[in-house]
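Please arrange chain B on chain A, whose structure you already have, making use of the hints.
Protein chains: 2
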Amino acid sequence: MAQQPASAISPTRQEDYPEWYQQVIAAADLAENSPVRGCMVIKPWGYRLWENIQHVLDGMFKATGHQNAYFPLFIPVSFLQKEAEHVEGFAKECAVVTHHRLKADADGKLVPDGLLAEPLVVRPTSETIIGAMFAKWTQSYRDLPLLINQWANVVRWEMRTRMFLRTTEFLWQEGHTVHATEAEAREETMRMLAVYADFAENYMAMPVLCGEKTESERFPGAVATYSIEAMMQDRKALQAGTSHFLGQNFAKASQIKFLDESNQEVYAWTTSWGVSTRLIGGLLMTHADDDGLVLPPRLASAHVVILPVIHKDETRAQVMEYCTSLAAELRSISYAGRPITVELDAREGRGGEKTWAWIKKGVPVRLEIGPRDIASNSVFAGRRDRGPKERISLPRAQFVAQLPALLDEIQAGLLERARAFRAQHTRAIDTKDDLYAFFTPANAEKPEIHAGFALAHWAGDRAQEEQLKNDLNVTIRCIPLDAPAEDGRCFLTGRPSHRRVVFAKAY
Amino acid sequence: MAQQPASAISPTRQEDYPEWYQQVIAAADLAENSPVRGCMVIKPWGYRLWENIQHVLDGMFKATGHQNAYFPLFIPVSFLQKEAEHVEGFAKECAVVTHHRLKADADGKLVPDGLLAEPLVVRPTSETIIGAMFAKWTQSYRDLPLLINQWANVVRWEMRTRMFLRTTEFLWQEGHTVHATEAEAREETMRMLAVYADFAENYMAMPVLCGEKTESERFPGAVATYSIEAMMQDRKALQAGTSHFLGQNFAKASQIKFLDESNQEVYAWTTSWGVSTRLIGGLLMTHADDDGLVLPPRLASAHVVILPVIHKDETRAQVMEYCTSLAAELRSISYAGRPITVELDAREGRGGEKTWAWIKKGVPVRLEIGPRDIASNSVFAGRRDRGPKERISLPRAQFVAQLPALLDEIQAGLLERARAFRAQHTRAIDTKDDLYAFFTPANAEKPEIHAGFALAHWAGDRAQEEQLKNDLNVTIRCIPLDAPAEDGRCFLTGRPSHRRVVFAKAY
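If you read the protein sequences in the order shown, they are chains A and B.
Count the first sequence with my numbering and you get residues 3 to 509, in order.
Count the second sequence with my numbering and you get residues 3 to 509, in order.
No wet-lab data here; the hints were simulated from the structure.
A portion of the hints provided could be inaccurate.
The list cannot tell twin chains apart, which means a pair is met if one copy fits it or any two copies do.
Listed below are the simulated PhoX-like cross-link pairs for lysine-lysine, each with C-alpha atoms no more than 25 Å apart in a straight line [to be verified]:
hint, residue 1, residue 2
1, K84, K105
2, K105, K94
3, K314, K254
4, K259, K138
5, K94, K84
6, K254, K105
7, K111, K254
8, K94, K448
9, K111, K94
10, K64, K84
11, K434, K254
12, K111, K84
13, K254, K84
14, K138, K64
15, K254, K448
This is chain A alone, in the form it adopts within the complex:
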C-alpha cells in the first residue's frame, strides 16, 4: 500500500467540519455543484445511493397500501393561494414561470416571450395541485382512503444552499392521502412516521428521535407536523423526514368532500409526508470519517470492491480470471433484498491510490487479490468500518459463505456506534444557565462543533422559542413521542411540564 496520509480527507472533521463535508462528497464522487445557482448534479455513485433508498422506501410504501402516481410540475398561482398559511410559507422561495417561449430581441439576445395569463410556480410541494385532483376522485366514502405517493423533483429557491442538505432543486417522494375520519388520518400520519424511523435506523443505520414539532416549526397549513431527527457528527440535528396531519385545512382549500355512509356531504381529512435526497447528507454525516464516506451495507452503492494486485505482466491473466470468477460468485448472492454489488477495479494505476479511492467512496468490504492469495485460494479482506491497515486473509469459500453475515455485522456496528455517539452528546438540562452554557462553544475558534441534544422541560411560548433561536441559534427539534412522563418545570418560565423536549442547533 502507498504511503498513508494522516487522513484521506483534508480538512478533518475537527479542523473544519463544513469543509470536511464538501470534501467527502468530492472525494467519494457523490455530487458536485452545477452552473445553475443552488442546483447540484448527483453523480453515479451518489445516484446509486438514491436508487437504493428509493427501492427500499418504495417497497415499504407499497406494503402499507400506497400506489405511485404522477402530478404536474407546475402549480397555477391561484392554486397555491387556496390555503393561506401554505402560500405564506412558500411564496417567498418559488421559481415562477411567466413565459412560454423565447424570442430574439433587436440585438439577437434571447428574451422571454409569450406571457402566460397566469404565472405558474414550479412545485415546492404538491398539496394544492394534488388536492385539486383528489377533489375529483373523492365522491363517496367508498373511494376512501386514497393512498398516493409521488417520486418527483421539487424547487425551493433557497438563499444559502449546501449539497444534499439544502438545494434549490431536490429529489424527494411526497405521500398524499385522504381519509374519511380524523382518526384514520392521524393513524396514517403516525404510520408513515414509523416507516421513516424504521428506514432510518434499519437501512441507513442512523438512529432518530420521533416527535412532534412545535407550532413555529410546523409545515405551512398543517395541524400537526411530526419528524424524525438525527444527530450529525458536529452534534447538530438533521430533520430527516416529516409526516403531516393536515386536518381538514387542505380539504377545505381544495374542496375534497364526499358523501358519507349516511349520505351527508362532509370534508375529508388529509395527510402528507416526505423524505428527500437530504437523506444522503444525513447518511454521510452520520457515518463518514476523516478517511471519507462510510456506506451502510444495506444501502451501499457497492458492497464489495475487488482490487487485483498485479506486479508482473505474466500473472495478469491468472489474477484477472480469479477476480472475475470471484466477482460473479459474489454477485449471485442476495443481500437485504438485492444482489450483492461488486466493483472490480481493473484500471491501471498504483495499488495504494486505488485502495484509497475506494476507502473514500465508502465501500464496506475491500478485497486485494494477488498471486499469493490465489495460490492459497483465499482473499485478503479489509473492512471500511475498521482501520485501513487492518486486513485479514480468509479462505475464499469461507469469505463467500460469511459475506452476508459480515455485512450485517458492519451494518449493526454502524448503528451502534451512531447510537453511542448520540447518547454521549445528549444531556438532560434543568436550568437556563446550563442550557446557555451547553450551547455556547467552548472554543470560539471552532464554532462549527456544537454541543448536542439537550433534553429539557419546556412550557414556553412561541416568542420565547424565538428568543432561544436568536440567542443561541437553538430550536426545539421535537417533542419526543416516546419520552417518559416526568414532572418538572420549564427551565425558562418555571411553569410545570410533564415531559422533556429536545433542543439542538439544526441544519
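This is chain B only, laid out in the frame that chain A set:
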C-alpha cells in the same frame, strides 16, 4: 355476467378513433387531464406501466454499461444558445422562469417578484446543461467513454396536446454519452437504437421499423437521427424512440475536449437517445380494442385479476379464503423478471360490472372463482386477448403451473397480431398517383383512418418533402436500416434510388 354491450368502449375505433383513444384511457383509469394546461396526471394504473417500462429499460441500459445520474431541471438561456440549431429548435416552446418569488400587489393578488438576472428555461432536453458538466469530467482519453442516463421530467410548450402522445410536461429517460472517436459514438447510437427496438418488440409486443430520419426530421443539432417507428391501429406512424449521433456539434458548443493518447487536445464525439411516457400511448394504440386496454403480459400493471363470485353470505368466507390463497400462490411465481402481480377484487358490486372493469383495464388473465370452482379445486379463466365470453375451467394446479407459459403465449400472440396488421397496411408504391391515392381517404367522413405505410423510392429534396407534407400530411418516417438494396426510381423526381423509404401520416 351482466348483459354485454356491443363494445365496452364507445365510440369504437371505426366510429371515432381519436375519441376512442381518450375513452380507453378514461375506462382503464390510466391518466387524466389536469387543471394545468397540457399537463396530465398519470394515475396509479398508468404509472405502474411506466414503472415496469422503467424497470426493464433501466436494466438494459445498465447491462450496456450506462450509469444513472441527475442534472438540474433549469437551463440558463445562455447555455441553450450555445448550439445554434438546438436553440432554434426549442426556443419556441419552452417554459421560462423569470422570477424567484411571489409578492402581493396592492390588491392582494400574488404577482412574480425577484427578477432573475438571467432567465432559466425548464429543460426541454438536457444536452446543453449535461454538456457543461461533461466538459469538466472529460479531461483525458482515460475518462472515456462517459455513459450516462437520466430519468427525468421535461417540458415542451406544445400547442396541441394529447395524453401520453404529446403533453407539455412528460417523463422520459435521456441517455448522454461521450466518446473518443467517431466510430465509437456511431456504434453507441446504433446500440441504443437496437435496445429500443428490442424493448418495443419483446416487451411492448409492438413491432417497429428502425431507420434514419431525413434532414428535415432530425433532432436540432444532431448529425444523424435514428428512430423506431410503429404503426398504430389508425395506421398512422408513431415515432416511439430516437437515438442521435451528435458528431462534435455539442462537444464544440460545450467545449468537451480531452487529451488523446498522443497528448493532443481534441474534441469528443457525443450521442443522446430517449424514450418517454409516449410509449404508453403507443402500447395502447397497438393493442387496445373496442373493449378497452389490452396489456402485454411482460409490462402489464397486473398479470391476473381474481374475481370472487359470492352469491350467498354463507359462502363468502370459503370463497375469500380460496381466492386469497390462490393470489398468494400466484404471487410467488416469477415471470419476465418480476413476481406475478395479482389483483384480488373483493369489492361489493355486480359480477358483470366488475368483470368489465378489468377487461377495460386490460389485465391479461381473469379468474372467476365461486363455490363450484372451489368444490372441484379449479379456476374459471378468461384471457383478455380472446372474446370476453370465452372462458374455460382448469384444475387449479394445472393453471398455476402453466401460467408463465400462458402469459408468454398471450405476449407472442399480441406481437404476431400487430405484425400482421402492419403487414396488411404496408404497400410498395411506385408512382406519384398511387401514393396520392393511397393517402387520400376513401371515406371523407372518416379521415381519421389513414392508409398505412407506403414503401417508395425517394430521391427528392427537402422542399419536395415539404410539398408532400402540405398536400397529404405525409412524411418520410425513416430510411429503414434493413431495407433490401433495390434499384428503382424516385416516384416524384424519377431520379435513381437504391432503397425504399417509409412514408406515412404520423403522430
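Results for each hint:
| no. | hint | verdict |
| --- | --- | --- |
| 1 | K84 to K105 | between (34 Å within a copy, 15 Å between copies) |
| 2 | K105 to K94 | between (28 Å within a copy, 7 Å between copies) |
| 3 | K314 to K254 | neither (74 Å within a copy, 41 Å between copies) |
| 4 | K259 to K138 | within (9 Å within a copy, 53 Å between copies) |
| 5 | K94 to K84 | within (16 Å within a copy, 32 Å between copies) |
| 6 | K254 to K105 | between (42 Å within a copy, 24 Å between copies) |
| 7 | K111 to K254 | between (46 Å within a copy, 20 Å between copies) |
| 8 | K94 to K448 | neither (33 Å within a copy, 53 Å between copies) |
| 9 | K111 to K94 | between (29 Å within a copy, 14 Å between copies) |
| 10 | K64 to K84 | neither (30 Å within a copy, 44 Å between copies) |
| 11 | K434 to K254 | neither (42 Å within a copy, 63 Å between copies) |
| 12 | K111 to K84 | between (38 Å within a copy, 12 Å between copies) |
| 13 | K254 to K84 | within (9 Å within a copy, 48 Å between copies) |
| 14 | K138 to K64 | within (23 Å within a copy, 40 Å between copies) |
| 15 | K254 to K448 | neither (49 Å within a copy, 46 Å between copies) |
Checked against the numbered hints given earlier, this structure breaks hints 3, 8, 10, 11, 15; the rest are met.
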